[in-house]
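These protein sequence lines are chains A and B, in that order.
Sequential numbering from 85 applies to the first sequence in the numbering used here.
Sequential numbering from 27 applies to the second sequence in the numbering used here.
Derived from the structure by calculation, the hints contain no laboratory data.
Where hints are given, some of them may not hold.
Partial list, derived from the structure: chain A residues whose beta carbon lies under 7 Å from chain B [claimed, not checked]:
1) 171
2) 747
3) 759
Here's a subset of chain A near chain B, in silico, CB distances under 8 Å, partners left out [as the list claims (entries may be wrong)]:
4) 688
5) 727
6) 729
7) 740
8) 749
9) 757
10) 760
11) 810
12) 811
13) 813
14) 816
15) 818
16) 967
A few chain B residues that don't get close to chain A, going by computed Cβ distances all over 10 Å [claimed, not checked]:
17) 77
18) 78
19) 238
20) 277
21) 281
22) 317
23) 326
24) 336
25) 367
26) 443
27) 495
28) 498
29) 500
30) 508
31) 522
Just so you know, even glycine gets a beta-carbon here, dropped at the ideal spot from N, CA and C.
Here are the chains, one letter per residue:
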Amino acid sequence: MSIHMFDQRPWTVRKRRWKPANAISGAAALAFALLAGPLSAQTGTISGVLTNGETGEPLSNVQISLEGTGLGTLTNNQGRFLMLNAPAGEREVVAQLIGFREERRTVSLGSGESSLVDISMYPLAVELEGVVVTGTAIAAQKREVGNSISLVTSDELLYAGAINLEDALRGRALGVSITGASGTAGAGSDILLRGTNSVNGRNRPLIYVDGVRMPTGTIEDASGEAQEHATFLGSIREEDIERIEIIKGPAASSLYGTDASAGVIQIFTKKGSPGAPRWTMNMQQGLQRVGHVGPSLDPTGLRVNDCTRQFNHSLDEGYHFNRDEAGTLIADPGCPASGSWLRDAHVQDYALSVRGGSEEVTYYASAGYGITEGVIDPNESEDVNVRANFTFSGFENFQINLNNFYTRRDIAWIPNGDNSEGLLYNVARGDEGETPDNDDSAVLDLTQDQTINHFNSSANVDWTPMDNMRHRLTFGLDYSNSHYITQRPWLFWNNPLGTRTVDIENRRVITLDYAGTYLFELPGNFTSTTSAGAQYNQFEHLGNRTDVEGFIGPGAKVLENAEEVTNYNEDRDATEGGGFFIQEQLGWRNRLFVNVGLRADTHSSFGREYTKDVRFTMYPKAQATYTLSDHEFWPSWWETFRLRGAYGESGEAPPADASVTIFEASSLADENNLGFIINNLANLRVGPERAKEFEGGFDASLFDGILALNGTAYYRKTFDGLINVAPAPSSGINENIPQNVGIWDSRGIEVGMDFLVFEGFSSRVSINANYQYNHTRMVELGNPQFEQFSFSYLNRYRPDRAIPALIGKMMCNPDEMGALPTYTDDDDCVLNGVEISNHPDTFFYAPSRPPHEASVGFRATLFNDFILDAFGVAQVGHWLYDDLAQELAVDGLWPECWPINDAVNAGVLAEDPSLYSMYTAKEIGRCWENESDNEDWMEPADYFRLQAVSLSYRMPRDWLPGGFTGATIQLRATNLFTWTRFSGLYPDALIRPAQQTARGNGYILPPARQFSMNLRVNF
Amino acid sequence: MKTTETRVKSILGLLGITAGLATAGCVDTELQGVILEDDIEDPNLMVAFVRGINSELHDAMRDFSGVWWYAGSATDDFNNDGTSSSGEEILEYRNYVDRPGNFPWNQLHEAAWAGYYGVEITTRVFDEEGITNHPLTARSWIISGWAERMMGELFCESVFNYGPGAGALIGPNDQYDPSRSVDTDSIMRRSVYAMQSALAVAEAAVAAGAATPDGDERIFDPVKLMFAAHGGIAQAAMLMGDWDLAVSHAAQVPDDFILYSHSDPEVEDNGWFDVSFQNDDFTLWNTPLHRVFPDDPRAPWIKCGEWRSDTLRTSYGSSRDIRDTGLCDRTTGYGGEYRAESNRMPLYSSLKSETEGLLTRPDGETGEDADFPMVRGTEMLLIRAEKALLDGNLAQFTTLVNRGRAVYGMDPIETPTSAGALEYPNAEDDAWSILDRERYVLMHLEGRRFADMRRWQHPYIAESHAVNPRVEAENGPARVVYCMPIADIECDANADFNCPGVG
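Given only the sequences and the hints, what does the whole structure look like? Please build it.
See below:
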């Protein structure tokens, strides 16, 4: 009985389909073999360079063979190969690399001659032999995995033209929703996988970097004045990423157990390869610019674009610009000398990396430095990144990987958002703003400086004691530290005493992860793979915030200069979680794989009674996948077709304090005697929020890779959902406590397509498109009291409604001409002939997250050297509340409302409705100061954005000086164009509270257009 | 075969490693800077713990929307002239169909639960065998007993579910059922049970010579706790109609005994004091206190404003009909007001929470610190007097009433010539009228009037009177309501319970 070898599996070469070309080449080889015998002593040398056709990067470890001769070799880390003693004559060179389409080149080799063959290889649209790690025990070929995995590769990131890593993922990975875009330098976006996962939980995927967990989500905006956040993901430099694997829900994430129900994103950074040092240098110079702000009716862009003119409006003069007695335009007080609050902001970035090593030790090291100015002075983000990855392979059966990065980010924020001290808030409101004498420059005296240090280190030990047994142990540490200092200087307009807030947040995440796998071949072409593993994670958080007030005199201050400490806060908390899994996979003929597994988990946030009863919470999984196209009967034009299905469960841990009763010591409890008052009551039975998910899908490749399709449908049900419930008072508890009572479900589809439109003449044109639909619906809130409750902002939950949903009273008479509006909460509302009595069913509901998302990409590689890449994204079907427009309408400052306001005011004053009979109740409702209400400004927020366009030119090698192996110049533009009907500043510029499910649009700066030139050099 | 063995060993090895790494229960949450239950369970900290438990009861009493306010709004304790939420709810409730009382329903349940929680923790800390004679345990039982007694006084029925996940099952477990309500008698039985438990612990503490925890005799003196438990049994038993039980325990309480709900987590926010003394939502104008008992030292009050003519006027008027007496402090709170909020009646403020001294507040703090009297020896005398009246013994009735008045240095009353009957307004000197007056004045603004009116089928409610003539004029006669229905919040939040309709 033979033993299935580990090393064989990733290298299993895809079965060659019979093709006429193969037949011809086979016959030619046979003929050559028969005729060439006498000439066998005549040989030559074949050499060349293998490059990735998408990126121009050299490819190492490509198998090069000379058809029909048995000769073969591998490319080195420079992509070079050399084949000595190749038989002279007409020969076919075959290049094979997993994940890439096989390439063949015919060479005529004269005896004693050398022949140069440079080959560009292109990634396969559907390839099943590649190895994936995420969601598997240690690693598995894609053909073995029953769930969908989205992959983003380094070459996609290269052309993404993204402002940050979240932006780079937008639209490029199926199942991934990126929301929140901003023109503020340093700000990140929110990531959701397959829509809304949790109501009260983190609602964010786990993020691993080289096997080590890092915090997810946003880093505190200590004072709340910026209303923007940096994200932990922002610490990772795109150039360092080899690939990103994304599994999107419980069907795939069972082995991660608790905390993984929102999916897992795993980032693999680049590793070294044996050979001489190979350097890559990146330089970027560019600028970013925000276009017209607000409605096009207003030429000043709400005074943001052009503050040299103060517009105003009155009944007598209508819309006009203020002029002095000489008739000269009066500038908005505080208007910068440039005449605009916006600037063309400079973007620069520099990176240098090197990879190389020996057979025993390889390395990848990089350093990067970048400064991104925001479009409003002094917003700026300055980043420094250093990475060093080492692989030690010189041990028998052992391989050790050490991966480390350190990032420092210095961000100068500006006060913004729906905030009375915010810049846009005050500028857009003109003299209705809060600043003294309408001098909005005073806002920028408030400074917010954040320094983020982020260190991540991991050690992976791979041990293969036997050919069929493999162990992997990962230990890692992620440490981050944020210093956020907010200062209102002495004599600040809104607090003349001056204030200072110093918020220091430290987080430490420890990961310990072991997995082992045992392979076994069974009779009847069956294989068995048994795996087991255990994980442990510890999160530690230390927050230390001090607020002081009262400085005397100008100059830089520190805490001790203040007269009074107004607030101080120290948070120290730590949680731990761990578990183990066992998994069995049966395979048949490398086509059919059935996989079952069970994960057992415990977590320190689980309640004592839950842990006592359940001990470990169990997450089962079951998967099956079948590659039908491996059968002989399968049509040859349809080279790949795989069906897959998966079921799995995973969870989300409750908040750290959910299971503990906390007392507050109060000297006021009883006549100045010490008393302990219950401050937080434990739910001793609280357990994880659990979700189960089914998914089914396919991967297909047709017409020799011209068309590749994949599709997945899923259904996810979250049960034991954590909702902060006010229990029935009869239970004696008079405060909200998290309880596992909610149920919600999600369903969706993901479809991807790659289409090779043209290939020939050293050129190639391809189109790819993705579409995804995600709908999450509240099923049960676990308590009738919560059939309708406000979660945050205008997002509320009701059974059978989307979550999160925008909710509001409806207008009863929107189309009635010349009528003041009535609403479903008015006594006299009649809707469709039925009297309405303010029942929740008569309210308006719409999803506030986009159910439909699509992206389309175009890439043309012309004559091997020019690459044109364009990429657009769309989000459709969601509604947002345009609070900026509504608030300005209430103040009579929204341009489209001026004529309506005039007419209605005059009509009401004269008690003559005919004066506004030309307007509908809906128009009046939106615009008339006395009526304008939140609901009137709920609008569809559909948009399409041309996200990135780039043109790259790969310089011919001949042009390059000695030692240089490649150079690429890239011109790229980001956020060139957005189409939307949404009336607010931008349909995806969102106020982002800590809780991700709520969405609102406010005074958030729209994303900037970025134009840049990149130079990338390999040497 | 060897391969199979190797495989089995390998798998067992893997499992051994994984199990070793993932030992259940080794994970822990660490929250520094907070006080956890485990930290609290220290004998030295139990005094502070029970003080905290105590504050839950005081919360239920003293809040602007506390028991005193709800029970008083529904009766003739005071005249609610404002638009503050709970007062408005009460007016609506008495005139329309609604379910008021969320706040006291919440708070009384929480106070009762907190008391049981205190019993659980103190018992665990002080005696591993579960038998304790510690005064802190007695005080915890008393908190539960008082809370449940007040719940029964205010609400027509109640629901209890102090089950797993919400504290240990302590007390009459058979009534922990979230799906059904229990009537007043059942609520009172729970109160009696808690008080009997308190009594047993307190008596054991006295017998053992237990020291007063922290030396705080106000709330932890074992002897006082013993008297409070006797008084608590008497209060609840009387409301159950178990007069023998009530009288036997009432007789154990000294005449001058008083115990308060001492505690105030927010000393600057005492709604009882703030509203009854300072707020123009509230006026004593047109109450029996104004019309019948103007000078009773047990319930002192002050005229901030008065009618320009006819000080006993009972019809409301307009702002110009009212003049400022100049007696009320204009510098603090609402002290400068002299008209109730509608401006249609004068502001008469209570001085009960403000006045110091033996008569009204022996050992009790005043003002923002005002403590809430929960049980008195003089109330016990009135319980016994009522039993004498029911027995037709007018001489003993008079003796007991006068013993109570003597505690406050008041003149004795004459023996009434007849038992008589209750009426409204109550100005007659028959025995029932005297009893009505004595209980009214003694426990004025303490949230007790509603229960008396219910058990007596008092003509004030039975004949649809309202203290506020403006409300009556605007809304019509008040509905006959002797108790409050189960609060909205319970109907909404208790999925197991089907709330009956109101109306």
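Going through the hints against the structure:
no.	hint	in the structure
1	171	violated (44 Å)
2	747	holds (4 Å)
3	759	holds (4 Å)
4	688	holds (4 Å)
5	727	violated (30 Å)
6	729	violated (26 Å)
7	740	holds (5 Å)
8	749	holds (6 Å)
9	757	holds (6 Å)
10	760	holds (4 Å)
11	810	holds (6 Å)
12	811	holds (6 Å)
13	813	holds (5 Å)
14	816	holds (2 Å)
15	818	holds (4 Å)
16	967	violated (29 Å)
17	77	violated (4 Å)
18	78	violated (4 Å)
19	238	holds (13 Å)
20	277	holds (31 Å)
21	281	holds (26 Å)
22	317	holds (36 Å)
23	326	holds (23 Å)
24	336	holds (41 Å)
25	367	holds (26 Å)
26	443	holds (47 Å)
27	495	holds (29 Å)
28	498	holds (25 Å)
29	500	holds (19 Å)
30	508	holds (22 Å)
31	522	violated (8 Å)
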